[in-house]
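Asks: Sequence:
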Amino acid sequence: MLLMQLSTREKFSFLQLAHYLARIDSTCGHREEEVILSYCTEMGIENIDSFDIDAFCLEENLNNYKSQRSQKIILLELMILIHIDNDFHVNEQDLINKMTEKFGFDSKDIDDYSQWGKSVAMLYQVANIFINEVN
531 MLLMQLSTRE KFSFLQLAHY LARIDSTCGH REEEVILSYC TEMGIENIDS
581 FDIDAFCLEE NLNNYKSQRS QKIILLELMI LIHIDNDFHV NEQDLINKMT
631 EKFGFDSKDI DDYSQWGKSV AMLYQVANIF INEVN
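Using our numbering, the first residue of the sequence shown is number 531, and each one after it goes up by one.
Hints are not guaranteed to be accurate.
[As the list claims (entries may be wrong)] Derived DSSO-like pairs: lysine-lysine, alpha-carbon spacing no greater than 30 Å straight-line:
1. 602 <-> 541
2. 602 <-> 632
3. 648 <-> 638
4. 638 <-> 596
5. 638 <-> 628
6. 632 <-> 648
7. 648 <-> 596
8. 628 <-> 602
9. 632 <-> 596
10. 628 <-> 541
11. 628 <-> 596
12. 541 <-> 638
13. 541 <-> 648
14. 628 <-> 648
15. 541 <-> 596
[Stated by the list, open to error] Estimated spans, in silico, between C-beta atoms of each pair:
16. 589 <-> 665: 43 to 53 Å
17. 579 <-> 631: 15 to 25 Å
18. 568 <-> 537: 44 to 54 Å
19. 588 <-> 665: 17 to 27 Å
Because the hints were derived from the structure by calculation, they are not lab data. Just so you know, even glycine gets a beta-carbon here, dropped at the ideal spot from N, CA and C.
With the hints as constraints, model all of the structure from the sequences given.
Replies: The structure is reproduced here in structure tokens:
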């Protein structure tokens, strides 16, 4: 929905960031993989075959989002990924705090983004139930 507005460079950077976030709590579950695949579809890019969390540099990645609009988009979209497993892990919170500080956002805005992400994650799960329901 929002990711198609990113530049090509930002899309590939976001995919790396999403993989990092999905693994930061030591597990990358089925729901998280589904969300990442939907991100790829939305952005019109292929998913990466492997991701090396040790080679990922958060600071370099975050430097790729120049506009405040792009920064807001990636934060909003990451909130979906965070909440899809119904667990806002402390490492995920730390990552969001680093991003908030780097981008200069207000914590109140981040709370609103989190609530939005939680709502979208819930609706995504309900939609999957409807889609997979056998009549």
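Asks: Of the numbered hints stated earlier in the document, which are not met by this structure?
Replies: 17, 18, 19
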